[in-house]
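Peer 1: Chain U is already provided as a structure; the job is to place chain B with the ligand on it using the hints.
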Amino acid sequence: MAAIAEQPVERLESSWEEPGGLVTWLATVDHKRIGVRYLVTAFAFFVVAGVEALVLRVQLAVPRNGLVGPALYDQLFTLHGVTMIFLFATPMLAGFGNFFVPLMIGARDMAFPRLNAFSYWIFLASGLFIYAGLPFSAAPNDGWFNYVPLASAEYTPGLNIDFYGFGLLFLAVSTTAGAVNFIVTILKLRAPGMSINRMPLFVWAVLTTSFALVFALPSLSTANLLLELERKHGFHFFDAGAGGDALLWQHLFWIFGHPDVYIIFLPAVGIVSTIVPVFSRRPIVGYTAVALSTVLTGILGFGVWVHHMFAVGLPQISMGFFAAASLLIAIPSGVQVFAWIATLLRGRPVLQTPLLFVLGFVVVFVVGGLTGVMFASVPFDQQITDSYFVVAHFHYVLFGGAVFPIFAALHFWLPKITGRLLSERLGKASFWLMFAGFNLAFFPMHVSGLLGMPRRVYTYPAGLGWDAANLLSTVGAFALALGILLVVVNVAWSRKRGPWAGADPWGGDSLEWAIPSPPRPYNFPVVPLVRSAHPNWDRADREEDARRAGQAELVLAEGHQTLATTVLDGEADDVLHMPEESLWPFVLALTLSVLFAGLLLDLPLVATAGGVMALGALAGWHLPRAEDEDEDEAW
Amino acid sequence: MVSSPVLSVPRSASTAWWGMLLLVATEAALFAVLIASYFYLRFHADGGWPPEGIGDPKLVRASLMTSVLLASSVPMALAEAGIARGDRRRLRAGLAASFGLGALFLGLQALEYREQLRELRPQTDAYGSLVYTITGAHAAHVALGLALLAWLQLRAWLGAYGPRRHVAVQVIALYWHFVTLASTVVFATVYLSPRV
Ligand code: HEM
Numbered sequence: 001m002a003a004i005a006e007q008p009v010e011r012l013e014s015s016w017e018e019p020g021g022l023v024t025w026l027a028t029v030d031h032k033r034i035g036v037r038y039l040v041t042a043f044a045f046f047v048v049a050g051v052e053a054l055v056l057r058v059q060l061a062v063p064r065n066g067l068v069g070p071a072l073y074d075q076l077f078t079l080h081g082v083t084m085i086f087l088f089a090t091p092m093l094a095g096f097g098n099f100f101v102p103l104m105i106g107a108r109d110m111a112f113p114r115l116n117a118f119s120y121w122i123f124l125a126s127g128l129f130i131y132a133g134l135p136f137s138a139a140p141n142d143g144w145f146n147y148v149p150l151a152s153a154e155y156t157p158g159l160n161i162d163f164y165g166f167g168l169l170f171l172a173v174s175t176t177a178g179a180v181n182f183i184v185t186i187l188k189l190r191a192p193g194m195s196i197n198r199m200p201l202f203v204w205a206v207l208t209t210s211f212a213l214v215f216a217l218p219s220l221s222t223a224n225l226l227l228e229l230e231r232k233h234g235f236h237f238f239d240a241g242a243g244g245d246a247l248l249w250q251h252l253f254w255i256f257g258h259p260d261v262y263i264i265f266l267p268a269v270g271i272v273s274t275i276v277p278v279f280s281r282r283p284i285v286g287y288t289a290v291a292l293s294t295v296l297t298g299i300l301g302f303g304v305w306v307h308h309m310f311a312v313g314l315p316q317i318s319m320g321f322f323a324a325a326s327l328l329i330a331i332p333s334g335v336q337v338f339a340w341i342a343t344l345l346r347g348r349p350v351l352q353t354p355l356l357f358v359l360g361f362v363v364v365f366v367v368g369g370l371t372g373v374m375f376a377s378v379p380f381d382q383q384i385t386d387s388y389f390v391v392a393h394f395h396y397v398l399f400g401g402a403v404f405p406i407f408a409a410l411h412f413w414l415p416k417i418t419g420r421l422l423s424e425r426l427g428k429a430s431f432w433l434m435f436a437g438f439n440l441a442f443f444p445m446h447v448s449g450l451l452g453m454p455r456r457v458y459t460y461p462a463g464l465g466w467d468a469a470n471l472l473s474t475v476g477a478f479a480l481a482l483g484i485l486l487v488v489v490n491v492a493w494s495r496k497r498g499p500w501a502g503a504d505p506w507g508g509d510s511l512e513w514a515i516p517s518p519p520r521p522y523n524f525p526v527v528p529l530v531r532s533a534h535p536n537w538d539r540a541d542r543e544e545d546a547r548r549a550g551q552a553e554l555v556l557a558e559g560h561q562t563l564a565t566t567v568l569d570g571e572a573d574d575v576l577h578m579p580e581e582s583l584w585p586f587v588l589a590l591t592l593s594v595l596f597a598g599l600l601l602d603l604p605l606v607a608t609a610g611g612v613m614a615l616g617a618l619a620g621w622h623l624p625r626a627e628d629e630d631e632d633e634a635w
Numbered sequence: 001m002v003s004s005p006v007l008s009v010p011r012s013a014s015t016a017w018w019g020m021l022l023l024v025a026t027e028a029a030l031f032a033v034l035i036a037s038y039f040y041l042r043f044h045a046d047g048g049w050p051p052e053g054i055g056d057p058k059l060v061r062a063s064l065m066t067s068v069l070l071a072s073s074v075p076m077a078l079a080e081a082g083i084a085r086g087d088r089r090r091l092r093a094g095l096a097a098s099f100g101l102g103a104l105f106l107g108l109q110a111l112e113y114r115e116q117l118r119e120l121r122p123q124t125d126a127y128g129s130l131v132y133t134i135t136g137a138h139a140a141h142v143a144l145g146l147a148l149l150a151w152l153q154l155r156a157w158l159g160a161y162g163p164r165r166h167v168a169v170q171v172i173a174l175y176w177h178f179v180t181l182a183s184t185v186v187f188a189t190v191y192l193s194p195r196v
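Sequences listed follow chains U and B, in order.
The opening residue of the first sequence carries number 1 in this note's numbering; numbering runs sequentially from there.
The opening residue of the second sequence carries number 1 in this note's numbering; numbering runs sequentially from there.
These aren't lab readings, by the way, just hints derived from the structure by calculation.
There could be a bad hint or two in this list.
Covered by chain U, per the in silico footprint, the following chain B stretches (three or more residues, Cβ under 8 angstroms) [stated by the list, open to error]:
no. : stretch
1   : 12-19
2   : 22-36
Among chain B residues calculated to face chain U with C-beta under 7 angstroms, some are [what the hints assert, rightly or not]:
no. : residue
3   : Tyr40
4   : Leu41
5   : His44
6   : Gly48
7   : Ser63
8   : Pro122
9   : Gln123
10  : Asp125
11  : Ala126
From a predicted model like this one, the values you see are computed outputs, not experimental measurements.
Note that the Cβ used here is the ideal one computed from N, Cα and C, for glycine as well.
Extracted from the complex, chain U is given alone in its bound form (with noise of 0.2 angstroms):
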């Protein structure tokens, strides 16, 4: 160490800077460029499927509209769940792990630096993938849950749903990818004394949620792996006349879709109780009982996955066994509730644009919460089930799950991420327009589904008694744009001529706000050490980093270097050596799509160069660099 003395953190900015250039900008590993890169596209999505929405409510503002017909209409409405679900909410969430895991564990990138970007590389991919068949009228139409007998090949010919099913196979590659690197970031890279008992909640809220996926998601993928070979390749799995069974795809997808549900709401629980603490200006109260509720929750949410198949016919005692279980997971929800509260009950609340968003959160969530009692009655769920009462819950629970959420999360770390602050009066302002706007664009569709509108309609004869109610909420849905309109003009305006925001506008407890902002490429100068869970309101340890940085103690100065720790105690362990930028990632990432373009379009000898070309750019990736030559960790 005393052989780097002389100036390291010089030495860790031109190590770790990464020049410019088209090449640079396909090959960058940094977690920070990658965790942009995964924000804009998802809000892309976003912004994409909200349009779809938009198109679907001027269609059913009134009744017996023709702005789109029924074929058009399905796939609108497929696209705009899958979209919003697979492409926006979950990579948006992984966006901001991205971005604030390491930054928030005291690391300097993720465990594994171009398996990051190959996941980034591989849900851009496999998003436009999904939408390649739209411009022919193929894009996937039999709603989001894509049940069969209706998706197989019979009812629905054409590449519509092989767009689907390749399409979210081709994503699983991505999710299942980015979860194993934030488990082994989380687990390895800790900053020396962050115990696990010391871990930001958001933190562990990814952990859980990555569990979750690593065990959820082959549910999925072997469902859409059963429906192309049934597709295509004339295998039998869910057609009864060859002994399959159209329930076995419900199962498979459901088994994944419940934990799903927790998948999306987790780490958006994770930014509350991240949000709530710091402008509440006082710890979390009860951080272990939040943390267990956040491990507990992703684990009853495997337990729940019959209540979405209610109405298909199955032994009362397993539906008795999941209405209980359907019910048992109120609970550490409302724990984690009362522990918001309470926080902000013993703190000073300020109300600045993040605790808006938290708060509109908790409003929504516990309306959809409340509904959701509704439907582990059986019986309740058997009336209701398929109509706009439904569409009115998920979104409640959704749109307040994870969308207040995140735009709590984006006013809350935009700041860190470019330096810059926004325009407080246009926050709010966005604020009132989307809580009010939601409101008006959902809570009228329980009232349209309680008065028997189905969803899934692409229009309706007047003197139903649903008029009304469908106008209402096609101004809401607007009112809804509208504020987010709002929520983009203010992130232009504060790009260019937003207030400096310093390291830590908010006064925030964990390690990203301890850097400056936006964080240079290396993170932090020093590794820091942590002794509570509140690193940054211990002064004293953050000065005495300051110090150790002046003294080139635990800079890790040679490449790129990061420090390994154990995995609950978090006591320094190894000094690993990150790769630098690659464009293997890239590469494989074309390739893989060359393999599924030739499994979508039934060309063997395209998928199988598509292949070959794969296994190739891994050989690639992993051919030895030249700093391993001397390394322990050679491949």
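Peer 2: Showing chain B with the ligand alone in chain U's frame:
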């Protein structure tokens, strides 16, 4: 205090090992879902299992295949233990033996398919689809494993691994053991369960 952790030998498993463990976990979940689908369709089937006109799966070759693949874990473990002590020859020999047994497994699998296809095709019915999907998924994992073993062998010849630098060996060994163990579950499901 921790000013030169570089010098100490790490106490806990490497990031790569954790990464592979999680990959194996998600692959195990994939096989679990495939096998659950098998039993789901079996218990909802109206007729017999296997359906009328299709004989019970034959055990002799399949037991041999499973034993061969399981056995291939032993040289893999020896190879890993060898390189941990710096014995490069043992590493190469162990890798070669595992590769040979794995290739033998794939050869037997091909023979097995040739015979099975005479009375049962994946398109015949749900039973056939399940049998070929499950064994096919497993065989694909073996094939990928063989490619990884070949890679290790190549790098081993180039002298890439030593007592303190053989993470790749550890990680691929973990994958290989998973694939060999999975073959017992596949065997129990596809070959044994129809008889009970
Ligand atoms: C931006 C405001 C939004 C509006 C105006 C909106 C509107 C709608 C409408 C009208 C439908 C019903 C279509 C039908 O059944 O005929 C629908 C379905 C759906 N929405 Fe939204 N939505 C919005 C945001 C979201 C968000 C944020 C999510 C999830 C994170 C989401 C997820 C879904 C899903 C999963 C469906 C079901 C699609 C299907 O039936 O397959 N929506 N949305």
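Peer 1: Each hint: holds or not?
Peer 2: Hints, verified against the model:
{"no.": "1", "hint": "12-19", "result": "holds (count 6)"}
{"no.": "2", "hint": "22-36", "result": "holds (count 10)"}
{"no.": "3", "hint": "Tyr40", "result": "holds, 6 angstroms"}
{"no.": "4", "hint": "Leu41", "result": "holds, 6 angstroms"}
{"no.": "5", "hint": "His44", "result": "holds, 5 angstroms"}
{"no.": "6", "hint": "Gly48", "result": "violated, 11 angstroms"}
{"no.": "7", "hint": "Ser63", "result": "violated, 27 angstroms"}
{"no.": "8", "hint": "Pro122", "result": "holds, 5 angstroms"}
{"no.": "9", "hint": "Gln123", "result": "holds, 4 angstroms"}
{"no.": "10", "hint": "Asp125", "result": "holds, 5 angstroms"}
{"no.": "11", "hint": "Ala126", "result": "holds, 3 angstroms"}
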